[in-house]
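The opening position of the sequence shown corresponds to residue 1 in my numbering, with each subsequent residue numbered one higher.
Please keep in mind that the hints were generated in silico from the structure rather than gathered at the bench.
Treat the hints with care, as some may be off.
The list that follows gives simulated cross-link-like pairs (lysine-lysine, DSSO-like), each with its CA atoms no further than 27 Å apart [unchecked claim]:
hint, residue 1, residue 2
1, Lys113, Lys94
2, Lys394, Lys459
3, Lys315, Lys274
4, Lys318, Lys365
5, Lys113, Lys127
6, Lys275, Lys70
7, Lys70, Lys94
The calculated label-pair distances, taken between Cβ atoms and stated as ranges, are [as the list claims (entries may be wrong)]:
hint, residue 1, residue 2, range
8, Glu151, Lys394, 47 to 55 Å
9, Ser155, Glu388, 52 to 60 Å
10, Val390, Asp85, 13 to 21 Å
11, Arg27, Asn88, 27 to 35 Å
12, Glu453, Glu419, 37 to 45 Å
13, Gly403, Arg75, 26 to 34 Å
Using N, Cα and C, we set each Cβ at its ideal position, and we do this for glycine too.
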Amino acid sequence: MISLLFESDFRDECEPVGQLDDLMIGRILAAVTPDIRLQSAAREVLERPLSDPAQAEFRREIVRDFAARKLPVERLSELFGTFADICNGFRQEKSDLFRLFGGKNVHSELLKKAADTLQELIELIYKLYDLMRDRTPTSKGLNALKNRIAELSESQDLRQLYNIAINICNFSAAENVTEVELIIDGKVKISGLGIVSTQRPQTAQKRTFGRKPAPDGVRAAMFSDEIASMISASAGELCEAFEYVISSICDEFMQVYYDINFYVFAVRYCDMLKKSGVPLIYAGLCDETDIENLYDLFLLFTLPNSESVVPNDFKLSKETNGILVLGKNSSGKTVYLRAAAMALIFTAAGLPIPAYAAKIALPKKFLLQVASAERAYHDGDITGRFEEEVIEIKKIVDVAEAGTLVLLNEVFQTTDYTEGAEGLHEILKYLNEKGAKWVLVTHLRRLDEMAAEDNGIVKLSTDGEEKFKVSNQKT
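Taking the hints into account, I'd like the entire structure generated from these sequences.
In structure tokens form, the structure reads like this:
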């Protein structure tokens with residue numbers, strides 16, 4: 001199977017990141033495109049961020065190719081969409097025939113549909129070849145796809161199958177179901193990949209079977225049991241061969257249709273960033289994170305003027321255990337966390353980010369817990385917001401390990417200030433011991449005092465002079 005999202009033989013083992021909608025991912029996707037299909041494709045990728053830099057680079061090379069218009073991504077999406085429709089349509093027709101005839105294999109009927117489907121698939125491969133032949137992508141993924149399409153299009157075996165399929169389709173359309181012509185000319189056989197043909201070489205032997213009179217006025221006998229059995233067996237074998245080819249082509253290329261929808265989104269995302277007037281960069285992938293003048297995507301895409309969006313720096317070095325972001329409510333702390341989270345997640349998806357400069361360490365795991373006043377908490381066994389937050393934090397603590405990045409926003413804000421700060425302090429100490437890094441946004445200033453002697457914690461505070469801006473806190 002060809003994949004445009006992963007290198008060959010790679011299996012994505014990343015657990016999906018939950019609660020991204022609390023960081024406005026749905027509204028960011030909707031701002032890029034109103035197409036629900038493309039939003040869904042992008043969400044599926046973004047919710048499973050890559051941790052392998054090589055895989056992220058493989059993906060971003062393809063994004064660069066499409067963004068530079070080295071291949072028309074919209075046209076490819078259209079063609080591979082047709083591809084998926086053809087494959088799914090044949091499977092549905094086969095299922096319908098199976099039910100119609102009570103589970104019996106009706107080779108004659110299925111052979112017509114298989115031949116027609118194979119003809120459509122091969123013609124589609126030729127269209128893809130014509131589209132890609134003179135294009136010059138630089139990415140491994142698109143070159144692998146281009147080379148495979150070229151290999152199939154130039155294959156004599158595929159051309160032979162195409163001709164056989166055309167003959168079957170022409171015969172099915174031209175002949176009455178009550179009359180069958182059987183021509184044996186030394187080239188066409190009633191076995192293996194043999195076909196029933198309407199072509200009549202002069203040296204061929206011809207007999208007409210059926211209820212209609214033959215062209216010369218002589219009435220022919222019905223099929224003998226032996227000949228009928230031979231034709232049925234031939235049709236069955238040919239149908240089996242066609243189905244094998246159809247299945248092979250579908251299995252190889254079906255995933256491309258779903259993958260390419262992500263790249264349609266990616267191109268629209270890149271175009272939107274360019275129109276906003278802010279820098280668009282692909283972060284360097286290394287062992288620490290340092291982003292200069294990072295813009296929040298949600299504000300950038302939803303505010304009428306990008307100049308009103310204030311960029312921030314975000315740095316998480318190898319020596320840093322975590323970042324503590326302090327400040328009053330509605331002072332921009334969550335905006336800061338959201339901007340950083342989206343930068344890391346979009347980079348892990350192979351996408352560029354809005355910043356002046358950036359290098360990013362891809363976490364082994366993203367773990368996110370967001371407490372929001374807008375969030376709906378469940379009724380029933382869970383008796384309140386605090387209890388649900390405790391359950392969610394426990395899930396994070398249980399799976400956190402070295403290489404994990406934990407993002408926490410305003411947790412335990414509904415409990416007693418002292419108790420909430422003490423509980424969070426113990427959780428952060430445990431995360432430090434596990435080797436996980438974290439970013440905590442909170443208004444619990446008691447945490448500032450409790451972490452005063454921890455040199456591994458970077459403390460930031462919102463700047464009262466400028467909304468959504470953070471700065472190093474002076475102690």
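Hints versus structure:
1. For the hint pairing Lys113 with Lys94, the CA-to-CA distance comes to about 8 Å; that is within 27 Å, so the pair holds.
2. Simply put, Lys394 and Lys459 have alpha-carbon atoms about 24 Å apart, close enough for the 27 Å limit, and the pair holds.
3. Restraint check for Lys315 and Lys274: satisfied, since their Cα atoms lie roughly 25 Å apart, inside the 27 Å limit.
4. At roughly 16 Å between alpha-carbon atoms, Lys318 and Lys365 fall within 27 Å of each other, so this suggested pair holds.
5. About 21 Å separates the Cα atoms of Lys113 and Lys127, which keeps this hinted pair within 27 Å; it holds.
6. Distance check on the hinted pair: Lys275 and Lys70 sit about 20 Å apart at the alpha-carbon level, within 27 Å; holds.
7. A hinted pair counts as satisfied when its Cα atoms are at most 27 Å apart, and Lys70 with Lys94 does not qualify at roughly 38 Å.
8. Separated by about 53 Å at the C-beta atoms, Glu151 and Lys394 satisfy the suggested range of 47 to 55 Å.
9. Between Ser155 and Glu388 the beta carbons are some 58 Å apart, a value that agrees with the proposed interval 52 to 60 Å.
10. Remark: the range hint 13 to 21 Å for Val390 to Asp85 is contradicted by a beta-carbon distance near 49 Å.
11. Between Arg27 and Asn88 the C-beta distance comes to about 32 Å, which sits within the given range of 27 to 35 Å.
12. Between Glu453 and Glu419 the CB atoms are about 21 Å apart, so this pair departs from the stated range of 37 to 45 Å.
13. The hint said 26 to 34 Å for the Cβ distance between Gly403 and Arg75, and at roughly 40 Å that hint is violated.
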